[in-house]
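My request is simple: use the sequences and hints to build the entire structure.
Start counting the sequence shown at 15; every next residue gets the next number (my numbering).
Heads up, some of the hints might be wrong.
Once the Cα atoms are required to be at most 16 angstroms apart in a straight line, the calculated EDC-like pairs of lysine to aspartate or glutamate come out as [stated by the list, open to error]: (1) K688 - D678; (2) K594 - D630; (3) K648 - E619; (4) K707 - D685; (5) K779 - D758; (6) K648 - E623; (7) K707 - E742; (8) K594 - E557.
Read the hints as simulated data drawn from the structure, not as lab findings. Everything numeric in this text was worked out from a predicted model, so none of it was measured.
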Amino acid sequence: MKGVQVDVVGDPGSTFSRRPLDYSGRSIGPLRLGRAMVLNIVGGSSIAMALAILWPPAIVTIIFLEEHLRASKTQIGLNLTLVILATVASLPGAWVFSRIQRRRKPWVALTTLARMFMFGPALVALLAGREEWQPALIWVFMLCLFLVNAGSVFTSPGWWAWMADLIPNSMWGTFFGRRYRWMLVGQSVVMVTAGRLLDMVSGPEAARMLFFGIFTAAAILAVTDPLLFAVVPEPVRPHPPRQTLRDIAGLYLEPLRDRPFRAMLAAAGTYSFFWNMPLVFLVLFLRGENADGIHIGGRASVGLLSLVTVVFAGSTALAANSWGRLADRIGHRIVYILGCFGYFTHLSFFFINEHNYAWIALLNAAVYGVIFSGQPVAIQNLAMAMAPRERREFYISMFQATNALAAAMGPVFAGWLADRYRIMLGMALPSGQPACYIHLILGIAFVGMLLVVPLMVRIPDPKGIEVRPWFGRLLSGDLWRMAWNIGVLGTASSVPRRVRALRRITARDGNLMLPEIVGALHDSDPAIRRESLLALGRLGTPEALELLLWYLHEPDAALRAHSVEAIGLPGLPESSSLLKQALHDPDSRVRRAAVEALGRFGDAETTAELRSLLADERDGEVLSSAAIVLSRLKEFSAVHQMLELALFSDNLTVRSQMLVALADLLGEEGDFHKLWRQDRHWRGSGFMPLAHKLRRQARVLARRDLAGIRRSLPDRRRLLAEVDSEVERLLEEVQEENWPTAIDTLCRLAFSFLILRYRYQGDEKHALEFLSAVSPSEAERYWLVTFLRHTCDPGKLPEAPWDGLTLLGIYTLVHGQSPG
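Put into structure tokens, the structure is as follows:
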């Protein structure tokens, strides 16, 4: 066509930077693509609603065949087999549509014509009252559905290639997941309505008329689907080249010669065979029947069967979007394999009887629906992704044909088993009923599902992700956490929900969550930006850390501070240099974040940086953070600097925080702040419990042997009396707030405990040297008490917190004297 350039059709996986054109020369931009996707969803929902009523696995169809046409189980299985075999029509359809440049008009015309045959079963329902015609009507019914599927599948390669050209492949998982969800919603609505109506009618004539109305409505919905696509744009594609018969044969054989695609065909065919075996018979088992005078199965009404299907569809719809988003990240192959394990929820059918069938069937439908919902979208997207764009029709048709041939054998084989092994009286089940055909069929299907997994594992995955870790995450529930996070962050959820989702991101997620985190980094809410940066830090991957490095140079100091906080989360050694640079940032928030992040390393170089910060820093919050980190690291060499800040700092908060940090460093219980606050409210109350502990420690030390030598009783009494006297004097001086004298008393107590513990006999001036050789940690505590005595001058340092300093002295003495 004049003015249309074929070469503008870029890779469908590209974004809208190069927009394809339709045959009128119009660009297919985001708005037109969005409208086309909506029409796609509406059309898909229409055909899904039709097939929920009038299709071999549909409850309404199964009940109509068995109860109104008297069809056997073999015939019911054969109905599904014939419809599946009709999928072979996709093979000639692939060649036809590969030769057509403009696919839309022939696809709409041929698909509409095929769907018109759905009016045939409606006429069969009108004539079902004539019993002599019923054997022929069964075949007419099955032939109509066969023709519907044959015509629809004949045109399907053209539709798949059309949609693959129209919709960017980066959106396949998300779009088809959303489309599948709406299809399931439509199915649920019509199934509930049809089931309710069938339970309400009475009499065979009224039932036949109702079946006629239901099947007619299904046929109208089926015809509506292709008509909607008449206004969906079609991207221009090149004229198909001329081909010989040899070329055509090569195109059909190419998918079979493609080793990875052939492996995928084998896995998908095996799965379809076993998955379709029990499909139509699960409904009959829940419905229940009598075999040899024994009731087997449940007693489900049509309404309950519809409700089970609706629960399955509802849970599938709820999870389809999440599976679609996951498939875009972890690969369609992984999603497909995980869905195979979900089939084992059907073990619940071994426990079903006429009393518990309702809740077990509903529970199984809900659980299986959630796990299964990713499979249909995953396998179709996997096939499209593995097919070359130029020959996609032939690959898709071969996939549909081989899959159908394998699947078609399942129902007819299962129907033969059901008629031959209707009940097995010698095998009792946990349900209390004897084993029957459904348990035999399910047992074979379970073995088949286990065979599918190794076949599917052999298929190369461009994502390069192993299966076993994801199976473990499925069992542990970690997979659902990740899916929930993707769903919340990918939609316009509230701020609290997005914050919770970001906080749930862990290092196990790797780079799979990077797109959501990057999107959240540009959010207007500061809480979301902060949590996004922290999430990057928890990931700890090179890509995440590279993103964080960019934010270290942000003009916004708050963002820089959050970046520093995030960089320190993984505790990677290479992050240490970045954090040390951040200690010199002009903004105190960044420096404080760097201090707290460095605290996670704890090496000698880090502690040296923090000690130098105590000397140079002027911001109170940064100093307090540094002191807390050093106390947590048990850096005793910082005691002198911290004590000087507690005495001489101009900042009241810094003085208080230094005392608390010193107490945490030299103590063990972390209750110093509580005791200090309590003592300021009522003077002496914070000292009393510590004084009680000192007395108790003195008695323990006095009774302890040293080098096998026990003190004499008079000596012990004398020493304990001196300790008790000094403790009483200390409490009195605290009550009077006579801090210099109280600290003197505290020093004498420290020396008394030195004598009690080590039987020290030297001078007091050599006590610190002795302790440094025996116990350096106790030496630090003893030095603190003696240093306080030498500096205690409230006249020169009136602003110093002398009550807290005195409390700190007895606090460190208590924790430094506990007998080991």
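Hint by hint, here is what the structure shows:
{"no.": "1", "hint": "K688 - D678", "result": "12 angstroms, holds"}
{"no.": "2", "hint": "K594 - D630", "result": "14 angstroms, holds"}
{"no.": "3", "hint": "K648 - E619", "result": "14 angstroms, holds"}
{"no.": "4", "hint": "K707 - D685", "result": "14 angstroms, holds"}
{"no.": "5", "hint": "K779 - D758", "result": "14 angstroms, holds"}
{"no.": "6", "hint": "K648 - E623", "result": "15 angstroms, holds"}
{"no.": "7", "hint": "K707 - E742", "result": "13 angstroms, holds"}
{"no.": "8", "hint": "K594 - E557", "result": "21 angstroms, violated"}
In this structure, the one hint that does not hold is number 8.
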